[in-house]
Amino acid sequence: MIEVRNIAKSFGKVKAVSDVSFSAPDGRITGLLGPNGAGKSTTLRVLYTAIQPDQGSASVDGIDVSRDPLEVRRRLGALPHGAGLYNQLTARENIAYFAAMHGVEKSERGDRVQRMIDLLEIHDFADRRTKGFSQGQKIKVALARALVHGPRNVILDEPTNGLDVMATRSLRHIIRKLREDGCCVLFSSHVMQEVAALCDEIVIVANGRVSMAGTTDAIRQKTGCDDLEDAFVRAIGRTEAAA
Amino acid sequence: MSRFLTIVLKEIKDNFRDRRTMLSALVFGPLFGPVIFAGVISLTLNQATGKAQKPLPLAVVGAEHAPSLVTYLGQQDTDLELLDVDADTAIGLVRDGEKEMVLLIDDSYGESWNAATPARVSLVLDGSDQSTSRQARRARGYINGWSRQVGAMRLVARGIDPNVARAINIDEIDTSTPSGRAGLVLGVLSYFLLFSMLAGGMYLAIDTTAGERERGSLEPLLTLPVTRTALLLGKLAATCFFMSLSLAIALVALAAALGYVPLQRLGMSVEFGPAQVVTAFLFMVPFTLIGASLMTVVASFTKSFKEAQSYVTFAMLAPTLPIMVAAVMNLKSTAAWMAVPSMSQHLLMLDLIKGEPLNLTYVAISVGSTLGLGVLFAAIAVMFYRREKLLM
Chain A
1 MIEVRNIAKS FGKVKAVSDV SFSAPDGRIT GLLGPNGAGK STTLRVLYTA
51 IQPDQGSASV DGIDVSRDPL EVRRRLGALP HGAGLYNQLT ARENIAYFAA
101 MHGVEKSERG DRVQRMIDLL EIHDFADRRT KGFSQGQKIK VALARALVHG
151 PRNVILDEPT NGLDVMATRS LRHIIRKLRE DGCCVLFSSH VMQEVAALCD
201 EIVIVANGRV SMAGTTDAIR QKTGCDDLED AFVRAIGRTE AAA
Chain B
1 MSRFLTIVLK EIKDNFRDRR TMLSALVFGP LFGPVIFAGV ISLTLNQATG
51 KAQKPLPLAV VGAEHAPSLV TYLGQQDTDL ELLDVDADTA IGLVRDGEKE
101 MVLLIDDSYG ESWNAATPAR VSLVLDGSDQ STSRQARRAR GYINGWSRQV
151 GAMRLVARGI DPNVARAINI DEIDTSTPSG RAGLVLGVLS YFLLFSMLAG
201 GMYLAIDTTA GERERGSLEP LLTLPVTRTA LLLGKLAATC FFMSLSLAIA
251 LVALAAALGY VPLQRLGMSV EFGPAQVVTA FLFMVPFTLI GASLMTVVAS
301 FTKSFKEAQS YVTFAMLAPT LPIMVAAVMN LKSTAAWMAV PSMSQHLLML
351 DLIKGEPLNL TYVAISVGST LGLGVLFAAI AVMFYRREKL LM
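So the sequences go chain by chain: A and B. According to this note's numbering, the first sequence is numbered sequentially starting from 1. According to this note's numbering, the second sequence is numbered sequentially starting from 1.
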């Protein structure tokens with residue numbers, strides 16, 4: 001369960017997020033949709049405690065991100081923008097490193113890592129150094145790394161960027177599996193179709209504000225557009241006119 | 001604590017696998033330094049001490065005019081060669097470089113001698129050659145010596161005290177003792193050691209901030225339930241580890257290279273065996289904390305690995321400044337200088353290499369002040385690592 005209440009964040013004079021509130025319930029996939037530079041990544045960064053909000057608050061499973069960031073991180077599996085693997089380590093070692101850092105006991109670690117390798121179907125390259133991996137392979141390893149401690153909340157920042165059709169499909173498959181397990185999944189994208197294909201709840205962000213939120217159907221109704229793309233454009237247009 | 005170890009071990013494994021980095025950190029830096037050092041120093045030593053020890057080669061034309069002068073010169077540290085050519089030929093020989101120096105004794109020498117007027121001799125040489133100028137000074141010295149001796153005898157013969165003709169007597173006191181000169185030479189040595197040490201940790205220090213950010217691995221790392229302080233300290237420890245490794249290799253290489261340097265020519269008996277290697281390692285290793293933290297702090301300001309590399313290389317010069325000051329001013333170990341990191345390691349190194357017993361109080365001060373500054377720098381590095389801007 002992730003909750004965001006009226007957060008704002010500036011970097012110098014640039015206001016990255018002005019006022020964003022939403023909640024992402026357990027057992028559902030929530031999509032943070034918005035054009036580039038809308039404030040999606042900043043919002044997610046506040047949630048996985050890489051940065052602190054100037055105003056407002058956010059919590060994961062009811063734990064405030066500013067008050068107990070370590071506990072929040074323990075409950076989160078986060079995949080920040082881009083994979084960011086260690087090139088000189090194998091895929092398995094990359095995953096095991098994160099498992100160790102999450103405090104997974106040594107006796108248990110091997111099994112856990114293997115389970116992740118099975119889940120993400122990365123057997124073929126699990127014991128190769130990640131240098132030279134394709135973007136799809138990298139994202140899978142990074143996701144395995146983020147999920148290895150079995151978090152109940154998962155945050156993915158533009159996970160499908162640079163993935164081909166097959167890789168995107170298998171990623172969707174994994175995200176749905178997480179939902180079946182009752183996880184709270186929050187992911188960002190600037191690709192409308194992506195969000196439409198996967199999400200139960202959509203939060204449309206533009207210019208650092210939430211311009212619309214609700215289920216896919218609710219958004220279609222609110223904007224009066226049958227087509228989600230039209231709805232998206234209209235939702236964004238409204239805030240852009242206001243800004 | 002187990003997280004800390006996890007970080008350290010991962011960084012060590014990660015770095016060892018990067019062959020290019022390891023090659024530059026552990027081979028090129030620590031090995032080539034001492035080898036080049038030994039080569040250059042032996043060359044310089046051979047040049048500086050070689051010529052002065054050999055007899056002065058001097059060709060003489062017209063020796064028959066001045067038998068007593070020639071006899072006198074022959075008694076000095078010279079290697080005389082009597083030539084039977086005319087003056088112009090002799091000048092030609094020097095110009096063509098066949099002879100380094102020729103002493104021309106004028107036909108009128110005997111006449112002047114008998115008349116007790118200044119007799120003429122000429123020294124033919126190529127003054128643009130530095131080593132020839134040094135040789136000419138020696139030749140002039142010998143001839144002047146003869147001139148003074150004869151002059152004094154003439155005065156005595158006329159009943160005058162020769163000292164009357166001498167208004168001033170200059171005594172030169174040259175303080176450049178052989179080991180003093182060696183101090184300058186050996187100053188380069190501590191510099192090499194320090195530089196190798198820093199180079200060994202440079203890659204990792206940059207990787208901690210600028211490198212990880214550029215690769216995109218910093219942000220995932222920060223999502224882990226580990227404080228940034230612990231992350232940074234783990235990385236600093238790994239950096240120190242590689243710096244220590246570099247230092248150890250450099251010291252061993254140095255011990256091997258010193259065997260080929262003719263330092264005994266400077267009046268120094270150098271003993272640099274396993275015991276000295278271990279001792280030097282022990283009093284130099286505290287410096288790794290300062291070096292690692294300093295490089296990490298500098299790198300944390302930069303945007304990319306390349307940018308960091310140029311700034312860090314520049315920052316690596318800072319610790320060498322006190323060494324240069326110490327070498328140029330020829331400082332000796334005192335309790336106060338031991339409070340200056342890098343200078344204290346340099347001075348201790350000098351004492352060690354000269355075979356002087358190490359003052360344990362000095363070592364304690366050096367280690368204490370170095371670790372103190374190291375902890376301060378590490379705290380600054382932690383402070384910068386905790387900034388939000390780290391990610392941007």
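Note that these hints are calculated values from the structure, not bench results. Check before you lean on any hint, since a few could be wrong.
[Stated by the list, open to error] Examples of chain A residues toward chain B, derived with CB under 7 Å:
#1 F22
#2 S23
#3 P25
#4 Y48
#5 A50
#6 I51
#7 I63
#8 R67
#9 G82
#10 G84
#11 Y97
#12 V104
#13 P151
#14 R152
We put the beta carbon where it would ideally sit given N, CA and C, even for glycine.
Q) Against which earlier hints does the structure fall short, listed by number upward? A) Violated hints (numbers, rising): 1, 2, 3, 7, 8, 12, 13, 14; every other hint is consistent with the structure.
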